[in-house]
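Engineer: Sequence:
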Amino acid sequence: MSLSHDAVRVDPFAGLSRFRGEFYSCLTRRADALFELVDAVLCADGPVRSLVELSLVGEHRRGHGGLYDALSAGRVDVARLRRALATVPLPRAADGRLVLAADLTCWLRPSAHTSPQRILCHTYGRDKDQHIPVPGWPYSVICALETGRSSWTAPLDALRLAPGDDAATVTARQMRELVERLIKAGQWKAADPEILIVVDAGYDVPRLAFLLTDLPVQVLGRMRSDRVLRRAVPPREPGLRGRPPRHGGEFVFGDPATWNTPDVQTVTATRLYGTATARAWDRLHPRLTHRSAWTAELGALPVIEGTVIRLQVEQLPSGATPKPVWLWWSGTDATEGTVDLLWQAFLRRFDIEHTFRLFKQTLGWTCPKIRSPDAADRWTCLILAAFTQLRLARPLAADLRRPWEKPAPPDRLTPARVRRDFRHLRTKAACPAGAPKTTRPGPGRPPGRRNDQPTTRYDVHIVGQPGSAKRRTKKSTTPRPRRTG
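Here the sequence shown is numbered in this note's numbering, starting from 162 and rising by one per residue.
No lab work stands behind these hints, which were simulated from the structure alone. Don't take every hint at face value.
Unchecked claim - If you anchor each label on the Cβ, the simulated ranges turn out as follows:
(1) G219 to R385: 27 to 33 Å
(2) A457 to P483: 36 to 42 Å
(3) A559 to P593: 20 to 26 Å
(4) D256 to P556: 22 to 28 Å
(5) T275 to R432: 20 to 26 Å
(6) T248 to V295: 34 to 40 Å
(7) T284 to P593: 37 to 43 Å
(8) R310 to G403: 53 to 59 Å
(9) G480 to D416: 25 to 31 Å
(10) Q426 to H515: 28 to 34 Å
(11) A346 to G325: 28 to 34 Å
(12) Q522 to P483: 56 to 62 Å
(13) A346 to G605: 46 to 52 Å
Note that the coordinates shown come from a computational prediction; the quantities given were computed from them, not determined experimentally. Using N, Cα and C, we set each Cβ at its ideal position, and we do this for glycine too.
Produce the entire structure from the sequences given, and follow the hints as far as they go.
Structural biologist: Here's what the structure looks like:
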C-alpha cells in the first residue's frame with residue numbers, strides 16, 4: 162500500500178505553529194493579552210516607537226488599558242520558556258559545533274527615579290567619544306551564532322543583573338544552566354565537538370573558563386593589550402633544592418622582546434581586512450592573586466593555562482589604523498586550522514550587535530516606560546519569543562522590499578524584511594489566543610482629589626564604598642601601573 166502525496170506532505174508552518182503553541186503555554190496569567198501583544202510587535206507596520214500605539218495594530222484586539230495591565234500583572238513561566246527556546250533548531254558553525262556568544266546590553270533609564278535596582282551602565286561614544294555612566298538595567302544575553310556574515314543570531318536567554326552582581330559569575334551560572342538545557346534537549350551529544358563560548362574583553366576569560374571547566378565547552382575571549390601572562394614552568398633541573406616555582410617567565414603583550422617564536426603562525430587573505438596574520442603561543446596563564454573575584458578562594462590559586470592568539474589585519478573597512486587583537490582560548494596544542502577557526506569565530510561574535518540593534522530600534526525593547534524591573538523582565542521574555550518566531554519564519558517569508566532596496570535571495574533576508582511579511586504568515590500559523598471579553602473601565606481617581614500616596618524614589622546603585630562615588634577634583638599624576646595578571 163502506498164501513501165498519497167498529500168499524506169506525506171510536510172506542513173512548512175509546523176515548526177512556527179509548534180513554538181507559538183508552546184509559547185502560549187508559558188503564559189500563566191493574562192495569556193491572551195500577552196500573546197496578542199507579541200503579535201502586535203511582529204505585525205506593526207514600522208518600528209515600535211511607543212507601547213500604547215501597539216493597541217492600534219489590527220492583530221491586537223484589546224484596548225490600551227488591557228495592554229498595560231497584561232504587562233504589569235501578567236505572568237510568564239520563564240523556566241518553561243527557556244526550555245522551549247533550547248528545543249528550537251539552532252545554527253551551527255562550519256565544523257558543526259555550537260557557538261554561543263555572551264554580551265551585556267543596557268536598558269537605560271536615567272530619569273526613572275521611581276524604578277528600583279538601577280545600576281550605572283557604561284555607554285560608549287554618547288558625547289565626544291566619552292564613556293559616560295548612565296543609570297539603567299543591564300542584561301546578560303546569550304545567543305547562538307551561525308557561520309558566515311549574517312545579521313541573524315539565535316537568542317536563547319536574557320538575565321538582568323541585580324545590584325552587586327559580578328558579571329563573570331552571573332554569566333557563568335547563566336551559561337551553565339543554558340548548556341545543561343541544550344544537552345537535555347538533544348542539541349549536543351557526546352560525539353559532537355565541544356561548545357565554543359565567545360566573549361569580549363569585558364569578561365574575565367580565564368575565570369569564566371575555570372567556572373565552566375566541568376562542562377563540554379571551550380572559552381574564547383578578547384584580552385586587553387596591556388595584560389601580562391606567564392609561561393609554563395620549565396623542567397626542573399636535577400639536584401635543585403627548595404620550593405619549585407609555579408610560574409614561568411613573563412609574556413608581556415606590549416613588549417615583543419618577551420614573545421619569542423610563536424608555536425603556530427597563519428596568514429590568510431580576506432576581502433574586507435586584507436592579509437590577516439595570526440600568531441599563537443601555547444600554555445600561557447595569568448598569575449592570579451587573592452584579590453577581586455578570587456578573594457574568597459582558599460589556598461593556592463589555580464593555574465589556568467590556555468593559548469594566546471595575536472591577530473593583526475592589514476586594513477579596516479572604515480579606513481582607521483588597525484590595532485592588534487589579543488585572544489585567549491581555554492584549549493591548548495592548537496593547530497593552524499584551529500587558530501584560523503578561532504579568530505574567525507571571534508569576528509562572528511559581533512553579529513550579536515545586530516540583534517541588540519533590532520531589539521531596541523525595531524522591536525521596541527527599550528521604548529516602554531516601565532517602572533517595575535519585574536515588568537521589564539517580562540517584556541524582555543516577550544521580545545525573545547518574538548525574535549524566535551521571526552527566525553522560524555525566515556524560510557517562509559517573501560521579500561517585500563521597498564522600491565529603493567536591492568532584491569535579496571530567500572536565504573539572505575534580514576530580520577526586518579522577514580518581519581514585513583509576518584502579518585501574512587500569521588494567518589497560516591496557530592493562534593491559540595482567545596477573543597477579548599467585554600469589560601468596563603474602572604472609575605479611577607475622583608476628579609479634584611490629589612494623590613496622597615507618592616511613589617517611592619530609589620537611588621542608583623554604585624559599586625564600592627560610599628565615598629568612592631565622589632568625583633576627583635585633581636587629576637592624578639601617578640603613572641598607570643602595569644598589569645601583572
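Engineer: Next step is simple, just say for each hint if it's right about the structure.
Structural biologist: Structure-based check of each hint:
| no. | hint | verdict |
| --- | --- | --- |
| 1 | G219 to R385: 27 to 33 Å | violated (51 Å) |
| 2 | A457 to P483: 36 to 42 Å | holds (40 Å) |
| 3 | A559 to P593: 20 to 26 Å | holds (25 Å) |
| 4 | D256 to P556: 22 to 28 Å | holds (23 Å) |
| 5 | T275 to R432: 20 to 26 Å | violated (51 Å) |
| 6 | T248 to V295: 34 to 40 Å | holds (37 Å) |
| 7 | T284 to P593: 37 to 43 Å | holds (40 Å) |
| 8 | R310 to G403: 53 to 59 Å | holds (55 Å) |
| 9 | G480 to D416: 25 to 31 Å | holds (29 Å) |
| 10 | Q426 to H515: 28 to 34 Å | holds (32 Å) |
| 11 | A346 to G325: 28 to 34 Å | holds (32 Å) |
| 12 | Q522 to P483: 56 to 62 Å | violated (28 Å) |
| 13 | A346 to G605: 46 to 52 Å | holds (47 Å) |
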